[in-house]
Structures are given as C-alpha cells and as structure tokens.
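**Q** Sequence:
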Amino acid sequence: MCRHKWEKGQGLIEYGMIIILVAILVMALLLILGPAVGNIFSNVIVQF
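The opening residue of the sequence shown carries number 3 in the working numbering; numbering runs sequentially from there.
Think of the hints as simulated: they come from the structure by calculation, not from any bench. Hints are not guaranteed to be accurate.
What follows is a list of derived Cβ distance ranges for each label pair [said to hold, decoys possible]:
| id | residue 1 | residue 2 | range |
| --- | --- | --- | --- |
| 1 | V48 | E16 | 41 to 49 angstroms |
| 2 | S44 | I22 | 30 to 38 angstroms |
| 3 | Q12 | I47 | 45 to 53 angstroms |
| 4 | G11 | I47 | 42 to 50 angstroms |
| 5 | F43 | L23 | 22 to 30 angstroms |
Even for Gly, the Cβ is constructed at its ideal location relative to N, Cα and C.
Sequences are here, hints too, so could you generate the full structure?
**A** As structure tokens, then:
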C-alpha cells in the first residue's frame with residue numbers, strides 16, 4: 003500500500019480531535035453535575 007507523506011499524520015490529527023472532543027464533553031459534564039456531586043459529598047460528610 004503506497005501512502006503519501008501527508009497521510010501519515012492524518013491518523014494522529016484524528017486521534018487528537020477525538021481526545022479534544024472527549025475532554026470538552028467531560029468538562030461540560032462536570033459543569034452540569036459538579037454542584038450535585040458536591041452536595042452528595044457534603045451530605046455524606048455531615049452524616050458522620
């Protein structure tokens with residue numbers, strides 16, 4: 003299989019874009035669920 007020079011880095015760019023997308027999704031999830039998770043931990047600590 004003959005690959006062009008520019009095709010070698012294409013896979014790395016695609017993996018990088020996937021990693022960036024996952025990071026953005028994790029940050030959004032933490033922003034949405036962060037206060038709720040904090041309240042759960044606070045309630046657990048108060049019970050002890």
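**Q** Hint by hint, note whether the structure agrees.
**A** Verification of the hints:
1. Here the CB-CB span from V48 to E16 is close to 47 angstroms, well matched to the stated 41 to 49 angstroms.
2. One distance hint, 30 to 38 angstroms for the beta-carbon pair S44 and I22, holds here, with the actual separation near 32 angstroms.
3. For the pair Q12 and I47, the beta carbons lie near 49 angstroms from each other, so the given range of 45 to 53 angstroms is met.
4. A C-beta distance of roughly 49 angstroms is found between G11 and I47, which places it inside the suggested range of 42 to 50 angstroms.
5. At roughly 28 angstroms, the beta carbons of F43 and L23 sit within the given window of 22 to 30 angstroms.
Violation of the numbered hints given earlier is absent; every hint is satisfied by the structure.
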